Amino acid sequence: ETGVTQTPRHLVMGMTNKKSLKCEQHLGHNAMYWYKQSAKKPLELMFVYSLEERVENNSVPSRFSPECPNSSHLFLHLHTLQPEDSALYLCASSLQGGQPQHFGDGTRLSIL
Amino acid sequence: ILNVEQSPQSLHVQEGDSTNFTCSFPSSNFYALHWYRWETAKSPEALFVMTLNGDEKKKGRISATLNTKEGYSYLYIKGSQPEDSATYLCALCGGSNYKLTFGKGTLLTVNP
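Line order of the protein sequences matches chains R and E.
FYI, in the numbering used here the residues of the first sequence are 1 to 112.
FYI, in the numbering used here the residues of the second sequence are 1001 to 1112.
These are computed hints drawn from the structure, not numbers from a lab.
You can take every hint at face value.
Just some of the chain E residues that point at chain R, by a computed CB distance under 7 Å: (1) Pro-1044; (2) Cys-1093; (3) Gly-1103.
Some residues of chain E that are not near chain R, with every Cβ distance over 12 Å (derived): (4) Val-1013; (5) Glu-1015; (6) Thr-1019; (7) Thr-1022; (8) Asn-1053; (9) Gly-1054; (10) Asp-1055; (11) Glu-1056; (12) Arg-1061; (13) Ser-1063; (14) Thr-1065; (15) Asn-1067; (16) Glu-1083; (17) Thr-1109.
In the EDC-like style, the derived pairs of lysine to aspartate or glutamate whose C-alpha atoms are separated by at most 20 Å in a straight line are: (18) Lys-1042(E) to Glu-1(R); (19) Lys-36(R) to Glu-1005(E); (20) Lys-1104(E) to Asp-105(R).
These numbers come from a predicted model, not from an experiment.
Note that the Cβ used here is the ideal one computed from N, Cα and C, for glycine as well.
Using the sequences and the hints, build the whole thing.
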């Protein structure tokens, strides 16, 4: 139990669907992150929020839309995804930037 | 684009063996170096965050050293156990306190 919960654990969707990934932490952390793990590639940072403000956007296509309504919750809204977007999406949180990150178990996303 | 290299890619050792792996990174724009352990079907777990040249950190049988001038960090495991089997990831925090650039990891398998 890392204190970071992601739902759903698995998601299969068509290219025209709209879905959202959810991440929740009750560690009192101020920073939250979305990462993408594709096969045979390193973990790749997508977005960072600090105190509900986006501080990093790592050149991610607009079909991925993050939302951070408060410091405990982070969403990743998905729309018109491509087959190459199939990957493991990990959420993490840290007390502040530069501190160790606590990861969720991830959402395994498959695009048909 | 920061390049974080880890070697070897994979490693098989016998229970009781001691082992080590390497993380190489560009020495400019250095903020911190993170090490994580990622066991299969679990989430990445923070091991160390290292910031100072010459830093050495220890957690049980695992220790790490850091050389920021030449751009490398070593992770050592003393007396490997089967439960140490995991992928060990290093990540460079450089240019921004929030942005981690991960290596591809070293997959360690400890045979009983």
